[in-house]
Amino acid sequence: MTRLLKILEYSLCSLARRKFKNFSIIIIYSFTIAALASILLLTHSLKEIAINVLVDGPDIVVQRLAGGRHDPIPVHYAQDIAKLPGVGRVNPRLWGYYYDSLYQTNYTILAVHQDLPSLEMVEGRMVAANGECTVGQGVAKAQNAEIGDELLLINSTGVGYSCEINGMFKARSNLWTNDLILFTEKDLQGFFAMPAGLATDITVEVFNPREIPLVAEKIKRLFPDTRPVTINEILHTYESVFNWRSGMMLTIFASSLIAFSILAWDKATGISGEEKREIGILKAIGWDTSDILTLKLSEGSVISITSFLLGISVAYIHVFLLGAPLLVPVLKGWSVLFPPLQLAPYIDMYQIFALAFLTIVPYMASTVLPAWKSAITDPESIMRGW
Amino acid sequence: MIRTRLFLSCIAFLLVVLAILALHSQQGKQVWITQELAANQDLVARLALTDLALWTEARYTRHPALADFFSPFQDAPASFEHFPAGSIIAPRLPAVSTTLRVRKRPLGGSR
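Residue numbers (this note's numbering), protein chains in the order written: chain A, 43 to 428; chain B, 759 to 869.
Derived from the structure by calculation, the hints contain no laboratory data.
Among the hints, erroneous ones may be present.
[As the list claims (entries may be wrong)] Covered stretches of chain A (chain B as the covering partner; in silico rule of three or more C-beta atoms under 8 angstroms from a C-beta of chain B):
(1) 127-133
(2) 219-233
(3) 274-280
(4) 345-354
(5) 368-381
[To be verified] Simulated restraints on C-beta separations:
(6) B:Val-860 / A:Val-403: 46 to 52 angstroms
(7) A:Asn-197 / B:Val-860: 16 to 22 angstroms
(8) A:Trp-307 / B:Arg-763: 42 to 48 angstroms
Just so it is clear, CB atoms sit at the ideal spot from N, CA and C, and this is done for glycine as well.
All chains should be modelled from the sequences, with the hints used to inform the complete structure.
Shown next as structure tokens:
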């Protein structure tokens with residue numbers, strides 16, 4: 043133990059002699075780990091939130107296809123679907139997208155039944171009558187509007203349309219409602235000039251979750267021009283969106299990993315003349331090869347463990363306390379109404395251990411290997427060589 | 759041994775910071791589960807929502823779960839892409855369980 047502590051003391055002295063270089067390595071190494079860990083934490087948290095909340099989403103969403111494209115679906119399809127065994131409530135949904143050219147933002151407008159009870163996530167009242175609406179925080183911010191103000195839009199016929207904002211979704215539901223506007227069904231039909239008897243899609247409740255694929259199959263057989271999307275497919279989408287194959291992971295994660303590999307490779311292939319001379323002198327004064335390897339392992343551990351702990355802490359603070367400000371521009375794309383990220387701090391310890399294994403072990407190996415090559419060489423030839 | 763003591767103190771400090779962050783994570787998650795999860799689930803169930811309102815730039819990024827994955831060239835993430843968000847969403851590829859190989863029988867050959 044004393045021997046190890048003495049070697050550690052010596053390795054710290056040795057690192058301190060090249061403090062600028064080693065300090066720079068710690069900064070770059072920590073930054074790389076912080077970048078990698080930020081993406082892992084952000085995507086895992088978003089995935090967990092999506093999957094945990096969406097389990098209560100519609101069991102099946104039935105879309106109609108025309109010419110390979112999504113098309114409004116006749117409402118009478120719902121009556122036939124409701125007759126299938128095991129099927130509960132079947133609701134035609136009316137919704138659509140609206141581009142606000144004044145504020146250059148896209149909104150999602152959804153129609154709700156007027157008798158829908160108030161939700162915990164709504165401040166004020168839910169939309170209860172024609173001429174009223176409930177909006178998300180992003181919409182209110184874009185329009186600089188508050189509860190009681192009028193929301194001004196232009197309908198499908200090019201005529202100005204206004205409705206009173208009588209409710210606003212709370213900030214805690216921003217991930218789901220930031221760009222959402224709720225209208226009554228009649229208002230939405232008028233706004234989008236949708237013909238009566240047509241809906242955007244149909245949601246289907248299935249009593250037994252194990253029967254969902256079977257019901258979807260029956261719907262497809264009953265109406266071959268439809269595409270039923272099951273809840274499992276919706277959940278699977280969010281598992282895929284934030285998995286390692288997603289573009290975000292591939293671009294940032296891969297580039298950080300490549301940067302780290304270059305750092306480790308540089309370390310593995312090049313050992314400075316000064317370090318070689320140091321190894322030669324240590325061998326000449328009686329150090330064993332194993333002592334030198336322990337020394338180099340200790341140097342590598344000091345740098346990699348310090349960097350890892352720093353990097354992980356910075357990543358956590360960046361993602362969960364500061365709302366990932368450095369990743370939001372990448373994630374945001376051209377979305378004008380991007381919700382502020384106040385994420386539930388879900389952490390996958392497996393990912394953290396995998397990250398530790400992928401970064402600490404290669405760095406330590408890359409520190410030890412060149413030192414081992416020098417340590418097994420005759421000290422005289424090492425010292426003559428510098 | 760002063761450097762060793764200093765280094766071990768630094769590591770201990772970083773470990774304490776990490777432990778505090780782990781505690782923060784546990785508490786934050788617990789608060790989210792008890793105070794927000796049920797309300798968000800209720801919201802999603804009542805309004806029949808299917809997607810996160812993250813990317814509002816195109817319909818297939820606003821509703822990736824309902825996107826037309828079968829439409830060539832335009833309406834699926836990671837296809838020929840116009841919007842930046844589409845490039846960072848992974849495509850949901852179907853798993854192929856059966857493959858068929860069709861070959862023409864050579865002229866004049868037995869098979």
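Comparing the hints with the structure gives:
Look at the region 127-133 of chain A against chain B: 1 of its residues bring a Cβ nearer than 8 angstroms to a Cβ of that chain, fewer than three, so the hint is violated. For the region 219-233 of chain A, the proposed coverage by chain B is satisfied: 5 residues have a C-beta within less than 8 angstroms of a C-beta in that chain, meeting the threshold of three. Judged by the Cβ-Cβ criterion of 8 angstroms, the region 274-280 of chain A is covered by chain B as claimed, because 5 of its residues qualify and three suffice. Counting residues of the region 345-354 of chain A whose C-beta sits closer than 8 angstroms to any C-beta of chain B gives 5, which meets the bar of three, so the coverage hint holds.
Given as covered by chain B, the region 368-381 of chain A passes the check, having 10 residues with a CB less than 8 angstroms from a CB of that chain where 3 are the minimum. B:Val-860 and A:Val-403 have their C-beta atoms about 48 angstroms apart, which keeps the hinted 46 to 52 angstroms range intact. Between A:Asn-197 and B:Val-860 the beta carbon distance is about 53 angstroms. The supplied range of 16 to 22 angstroms is therefore violated. Remark: the range hint 42 to 48 angstroms for A:Trp-307 to B:Arg-763 is contradicted by a beta-carbon distance near 34 angstroms.
The earlier numbered hints that this structure contradicts are 1, 7 and 8.
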